[in-house]
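Listed below, chain by chain, are the residues.
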Amino acid sequence: MDSFLSLFEQYDVAAAFWVNIQLTFWAAIWSLLLGTLLALFRISPIASLQWFGATYVNIFRNTPLTIIIAFGVLALFGQLSVSLSSDFNLNFFRLAILGLSLYHAAFVCEAIRSGVNTVPLGQAEAARAIGLSFLPAARLVILPQAFRGAIAPLGNVLIALTKNSTVAAAGSVAESAGLMKTMIEFRSDMVIPIFFTFAFGFVLIVIPIGLLTTWASKKLAVSR
Amino acid sequence: MTRDPQSSTTASASHPPTQPLVSLKNVNKHFGELHVLKDINLEVARGEVVVVIGPSGSGKSTLCRAINRLETIDNGEIRIDGKELPAEGKALAKLRADVGMVFQSFNLFAHKSILENVTLGPVKVKGMKPTAAKELAMSLLKRVGVDNQAQKLPAQLSGGQQQRVAIARALAMQPKVMLFDEPTSALDPEMINEVLDAMVSLAKEGMTMIVVTHEMGFARKAADRVIFMADGQIVEQATPEEFFTNPKSDRAKDFLGKILAH
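If you read the sequences in order, they're chains A and B.
Quick note: the first sequence uses the UniProt record's numbering, first residue 1, plus one each step.
Quick note: the second sequence uses the UniProt record's numbering, first residue 1, plus one each step.
If you are wondering where the hints come from, they were derived from the structure by calculation, not from laboratory data.
Computed from a predicted structure; not experimentally measured.
Don't be surprised by glycine CBs; every beta carbon is placed ideally from N, CA and C.
You can trust all of the hints, since none of them are fake.
Calculated lysine to any residue pairs in the SDA-like style (CA-CA distance at most 20 Å, straight line): (1) B/126 / A/135; (2) B/152 / A/220; (3) A/163 / A/196; (4) B/112 / A/134; (5) B/124 / A/135; (6) B/112 / B/134; (7) B/126 / B/140; (8) B/152 / A/223; (9) B/112 / A/116; (10) B/94 / A/125; (11) B/112 / A/122; (12) B/90 / A/41; (13) B/90 / A/49; (14) B/142 / B/204; (15) B/90 / A/124; (16) B/152 / A/224; (17) B/112 / A/139; (18) A/218 / B/153; (19) B/83 / A/128; (20) B/112 / A/222; (21) B/90 / A/45; (22) B/112 / A/133; (23) B/176 / A/128; (24) B/124 / A/140; (25) B/90 / A/46; (26) B/90 / A/128; (27) A/218 / B/155; (28) B/112 / A/125; (29) B/112 / A/148; (30) A/218 / B/112; (31) B/90 / A/47.
Restraint ranges, calculated between C-beta atoms of paired labels, are given here: (32) B/90 / A/58: 29 to 35 Å; (33) A/74 / B/83: 56 to 62 Å; (34) B/126 / A/21: 45 to 51 Å; (35) A/219 / B/43: 48 to 54 Å.
Far from chain B by the CB rule (all over 10 Å, computed), these chain A residues: (36) 58; (37) 94; (38) 206.
Just chain A, with the same shape it has in the complex (with noise of 0.2 Å):
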């Protein structure tokens, strides 16, 4: 017990989780916006934009994550001198933001368009009988019925986007999947309860999320 509660003096576990809780918070946002923007696209009358959002989805979702933020790192910042930050470590933080949230925002994209499918046609075809023109009638009536919709599927995406956070880990960023890999290496003694130190940090952080999502779409669900 001594030698396990050792680990934790020798290397701070908590700060760690903060990088990834950080890097979760940051990826939500701007995910959600580029997510929005996309899901706006696809479901606009204008082909080309519904092109674009499909075509970017199809991208995204299928490139492996880790493949996106090794891009960031080795092919944007290393041969391209993409730079976000003059500060070293906070240029990898931010690029790695950059790659979660360009990953996810396929996702986001799509747990809005299911949530576009719960409402009914009836609501788009009110919307435009009195004269709405599509982005008003999106802002207005489409889209916040849709995202109450899609608070389950968007829940998923969080809880997603929080484990996948730990693929930072690839783009240099020092966060928790990066710690433990240090760890395991000089505490080779203490391999098991490092791996389920880790493990039950996430679970302790992703519970909430399910909670919370499964709470708020029933709570906030449109009664029809």
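Go by the hints and put chain B onto chain A.
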């Protein structure tokens, strides 16, 4: 602010009193192989109440929905107040604002209160001040007898109440013409009259109305003209009295025989 005299003369020149408010010329539409509207010609005068009846699948709902372009047409011409229906975009939205529509399934905005349902159009489409829109909405809700439900959500109201709110929502845009697409078909029998009463009083006030319905009572009470459609064509049109007592076509006789038999 000076008024542009030229635009006002053009406006009045394009609105002679005899010009029909709604006119359809040689309108055709297909759903795949099915020819649902066959060369429809129809003119509706300002203030006229037209009831469209016919067996299901006759194209009457499609006709109604084509007038504010919820259904596109293959060819032909539809004009509202002299202006041809724009294909899409802002111009179409603007025209739709002048055409009120009441649906079979009410289609009230499910996430908004009754009051918000009625104020949304005036505020967001016409740019009316929220306080003025609220005042207008409350007076319209009072007129259709649901002002005491203003703060509720649509799902908390009965079907008849929801449909009356839908009428108020359409009226709030101060439309030139109102379209009703089977407004009582989804209602329980005891709620049909409350909706029809609202429609009859609207007709008496001089609103131009095109009503797709099977309610013969409404047609007799409020309609100036009955249009009988079958198989995508206008088969017969006459005053309600004449149509119901003395239908000319076999198709209409057959249809009336079936619905009036008991």
